[in-house]
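> Sequence:
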Amino acid sequence: MGPGTGKGCERQPGQTSASEVAKLDLRAELLLAEQEAREKKRKAEGKPALAVENGGVAGGDEEANKRRKLLQEALEMDKDDEDEDEERSENAMKVDKDESDEDDDDDDDEEDDTAELLRELEKIKRERAEEKDRQEREQSASSAAVRDAEIATANPLLNLAAALGQTPNGVNTTVPGTFAVKRRWDDDLIFKNQAMSSRDKDKGSGQFVNDLLRTEFHKKFMAKFIK
Numbered sequence: 001m002g003p004g005t006g007k008g009c010e011r012q013p014g015q016t017s018a019s020e021v022a023k024l025d026l027r028a029e030l031l032l033a034e035q036e037a038r039e040k041k042r043k044a045e046g047k048p049a050l051a052v053e054n055g056g057v058a059g060g061d062e063e064a065n066k067r068r069k070l071l072q073e074a075l076e077m078d079k080d081d082e083d084e085d086e087e088r089s090e091n092a093m094k095v096d097k098d099e100s101d102e103d104d105d106d107d108d109d110e111e112d113d114t115a116e117l118l119r120e121l122e123k124i125k126r127e128r129a130e131e132k133d134r135q136e137r138e139q140s141a142s143s144a145a146v147r148d149a150e151i152a153t154a155n156p157l158l159n160l161a162a163a164l165g166q167t168p169n170g171v172n173t174t175v176p177g178t179f180a181v182k183r184r185w186d187d188d189l190i191f192k193n194q195a196m197s198s199r200d201k202d203k204g205s206g207q208f209v210n211d212l213l214r215t216e217f218h219k220k221f222m223a224k225f226i227k
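Numbering follows full-length UniProt numbering, in which position 220 of the sequence shown is assigned residue number 220; successive positions increment by one, without gaps.
Take the hints with a grain of salt, since some may be wrong.
Derived CB-CB ranges, DEER-like [what the hints assert, rightly or not]:
1) Glu-111 with Glu-90: 24 to 32 Å
2) Ala-92 with Gly-46: 29 to 37 Å
3) Lys-97 with Glu-34: 29 to 37 Å
4) Asp-112 with Ser-140: 37 to 45 Å
Once the Cα atoms are required to be at most 30 Å apart in a straight line, the calculated DSSO-like pairs of lysine-lysine come out as [to be verified]:
5) Lys-69 with Lys-47
6) Lys-69 with Lys-43
7) Lys-69 with Lys-40
8) Lys-66 with Lys-43
9) Lys-41 with Lys-69
10) Lys-47 with Lys-66
11) Lys-69 with Lys-94
12) Lys-123 with Lys-41
13) Lys-66 with Lys-40
What the hints contain is simulated information worked out from the structure, not anything from laboratory work. Using N, Cα and C, we set each Cβ at its ideal position, and we do this for glycine too.
Based on the sequences and whatever the hints tell you, model everything.
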């Protein structure tokens, strides 16, 4: 009991209580075990030994040595586990990388196939469009030819022979299949040859004359019986 306080004397933190002393011992043993594990690893790798920190821990009872040995084994097991974890992690990363490369290759192949299909589809569409355009041009030309033929044969007054497909009896008005006029429209008029000169009449003595008084028959008759 403290004087005048009514409470027992208690150790404050940092006054080396039993629990703190145990923690310090365990920490020292852990550090020593870690150092021994590092030394053992460096020796296995052929590297020089490290300097002993704080002069090491001298002496110690058998129980402390057992605890250090157990701690060292635990550290070595943890180290082995860490190495195995690292190795597994590296292997997993390598496998993931290989799979990623394979996926990239597959993606590239799929992209190439897709591009090839798109080009082929575009070619087919272009060929179909060209074929459709050609058919439309042919149909348009055929329709124009039919329309021209219908126009040419639609008026029987201008193209009667061509419309009938034969030469009618009498006067030939046109050449079949064309609009060219073969004879003039006034070739058969009664008074067509009235204005012919005597010279033209002498040349064509056997031609038809519409005026009966000037025909060859009338002239011979008058010369024979009237003179």
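> Would you mind marking each hint as holding or not holding in the structure?
Hint-by-hint comparison with the structure:
Between Glu-111 and Glu-90 the C-beta distance comes to about 31 Å, which sits within the given range of 24 to 32 Å. Between Ala-92 and Gly-46, the C-beta spacing of about 30 Å keeps the proposed range 29 to 37 Å intact. Between Lys-97 and Glu-34 the Cβ separation comes to about 34 Å, which falls inside the hinted range of 29 to 37 Å. Against the hinted window of 37 to 45 Å, the Cβ-Cβ separation of Asp-112 and Ser-140 comes to about 42 Å, which satisfies the hint.
A C-alpha spacing of about 22 Å is found between Lys-69 and Lys-47, which places the hinted pair at or below 30 Å, so the restraint holds. For the suggested pair Lys-69 and Lys-43, the alpha carbons sit about 18 Å apart, so the restraint of at most 30 Å is met. With a C-alpha separation of about 13 Å, the suggested pairing of Lys-69 with Lys-40 holds against the 30 Å cut-off. The hinted pair formed by Lys-66 and Lys-43 meets the criterion: a straight-line CA distance of about 22 Å does not exceed 30 Å.
A C-alpha spacing of about 15 Å is found between Lys-41 and Lys-69, which places the hinted pair at or below 30 Å, so the restraint holds. A hinted pair counts as satisfied when its Cα atoms are at most 30 Å apart, and Lys-47 with Lys-66 qualifies at roughly 27 Å. Distance restraint check for Lys-69 and Lys-94: the Cα-Cα separation of roughly 37 Å exceeds the 30 Å cut-off, and the hinted pair is therefore not satisfied. Restraint check: the Cα-Cα separation between Lys-123 and Lys-41 comes to about 70 Å, which exceeds 30 Å; the hinted pair is violated.
The hinted pair formed by Lys-66 and Lys-40 meets the criterion: a straight-line CA distance of about 17 Å does not exceed 30 Å.
Checked against the numbered hints given earlier, this structure breaks hints 11, 12; the rest are met.
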